[in-house]
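Please model the entire structure based on the sequences and the hints provided.
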Amino acid sequence: QQQVKQSPQSLIVQKGGISIINCAYENTAFDYFPWYQQFPGKGPALLIAIRPDVSEKKEGRFTISFNKSAKQFSLHIMDSQPGDSATYFCAASSLPSNYQLIWGAGTKLIIKP
Amino acid sequence: DAGITQSPRHKVTETGTPVTLRCHQTENHRYMYWYRQDPGHGLRLIHYSYGVKDTDKGEVSDGYSVSRSKTEDFLLTLESATSSQTSVYFCAIRRGDGNTIYFGEGSWLTVV
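Protein chains in written order, with our numbering: chain A, 150 to 262; chain B, 10 to 121.
Treat the hints with caution; some may be incorrect.
[What the hints assert, rightly or not] Simulated pairs of lysine to aspartate or glutamate, EDC-like, Cα-Cα distance not exceeding 16 Å:
hint: 1; chain 1: A; residue 1: 220; chain 2: A; residue 2: 175
hint: 2; chain 1: A; residue 1: 261; chain 2: A; residue 2: 233
hint: 3; chain 1: A; residue 1: 257; chain 2: B; residue 2: 47
hint: 4; chain 1: A; residue 1: 191; chain 2: B; residue 2: 47
hint: 5; chain 1: A; residue 1: 191; chain 2: B; residue 2: 114
[Stated by the list, open to error] Negatives, chain A to chain B, calculated, CB over 10 Å:
hint: 6; residue: 156
hint: 7; residue: 166
hint: 8; residue: 201
hint: 9; residue: 207
hint: 10; residue: 212
hint: 11; residue: 214
hint: 12; residue: 218
hint: 13; residue: 219
hint: 14; residue: 220
hint: 15; residue: 223
hint: 16; residue: 233
hint: 17; residue: 238
hint: 18; residue: 242
hint: 19; residue: 261
For the record, the hints were derived by calculation from the structure and aren't laboratory data. Ideal placement from N, C-alpha and C gives every residue a C-beta, glycine not left out.
If you want it as structure tokens, here you go:
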């Protein structure tokens, strides 16, 4: 029940296309859902995050869509660029135990020029 | 930049030797974490700390110990390194203003 399942494991998208990465969870107590972006040789960095009181959050070309009833959330990257090539991780946590994020396994995204 | 410094950044060590990784932060955050990252497993929590001398186990704590004698330093020790502990180790902090966790640059450890 603590797992966060992320798919796909890897994704190749043409430049200018839409990249979509999906995550599913079981624990209904989760109330914070971040996405992290990681470039080779670097630590993960927070990209965007959402709480379940909204169904969508947009920051530039990055959008999180959240479906509370389905217990799913997804990351959409619009107009994907080669510089977006990275590994993306979804995660989830719940108050008050928000010291611990439960992580998806990651998606390696490659944007082809 | 969350002011996190990990050392060493790269280390090769022999099986059975002790290894200590250091995480240093400059912003006085209460919560600090050690994760390991392996292909196919994402990020897995080893240990975390919620204050000086206050630590607890994560999901993969076997074979690891931690210490936090000062707010700014969180040490991860492999008492007797094994090949299965070859990994990338990330230190992280949680800012007090919310859930956001910030990671260091990582320490690449190879146990031969």
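Each hint, compared with the structure:
Restraint check for residue 220 of chain A and residue 175 of chain A: satisfied, since their Cα atoms lie roughly 7 Å apart, inside the 16 Å limit. Straight-line distance between C-alpha atoms of residue 261 of chain A and residue 233 of chain A comes to about 10 Å, which keeps the hinted pair within the 16 Å bound. A hinted pair counts as satisfied when its Cα atoms are at most 16 Å apart, and residue 257 of chain A with residue 47 of chain B qualifies at roughly 13 Å. A C-alpha spacing of about 14 Å is found between residue 191 of chain A and residue 47 of chain B, which places the hinted pair at or below 16 Å, so the restraint holds.
Distance check on the hinted pair: residue 191 of chain A and residue 114 of chain B sit about 5 Å apart at the alpha-carbon level, within 16 Å; holds. Every C-beta of chain B lies more than 10 Å from that of residue 156 of chain A, the closest at about 13 Å, which supports listing it as non-interface. The beta carbon of residue 166 of chain A sits about 25 Å from the closest Cβ of chain B, which is more than 10 Å, so the claim that it is off the interface holds. The Cβ of residue 201 of chain A lies farther than 10 Å from every Cβ of chain B, with a closest approach of about 13 Å, so its non-interface assignment holds.
Under the 10 Å C-beta cut-off, the non-interface status given to residue 207 of chain A relative to chain B holds; the minimum distance is some 18 Å. For residue 212 of chain A, the requirement that its beta carbon stay farther than 10 Å from each beta carbon of chain B is met, with the minimum near 19 Å. The claim that residue 214 of chain A lies off the interface holds: its Cβ sits roughly 19 Å from the closest Cβ of chain B, which is beyond the 10 Å cut-off. Every CB of chain B is more than 10 Å from the CB of residue 218 of chain A (nearest about 23 Å), matching its label as outside the interface.
With a least beta-carbon separation of about 22 Å from chain B, residue 219 of chain A lies farther than 10 Å from that chain, consistent with its non-interface assignment. For residue 220 of chain A, the requirement that its beta carbon stay farther than 10 Å from each beta carbon of chain B is met, with the minimum near 19 Å. Its beta-carbon lying about 17 Å from the closest one in chain B, residue 223 of chain A satisfies the requirement of being farther than 10 Å from that chain. Interface exclusion of residue 233 of chain A from chain B stands, the closest Cβ pair being 19 Å apart, more than 10 Å.
Its closest Cβ contact with chain B, about 6 Å, brings residue 238 of chain A to no more than 10 Å, contrary to its assignment away from the interface. Under the 10 Å C-beta cut-off, the non-interface status given to residue 242 of chain A relative to chain B is violated; the minimum distance is some 6 Å. For residue 261 of chain A, the non-interface assignment is confirmed: its Cβ lies about 22 Å from the closest Cβ of chain B, beyond the 10 Å cut-off.
Consistency with the previously given hints fails for numbers 17, 18, ordered from lowest to highest.
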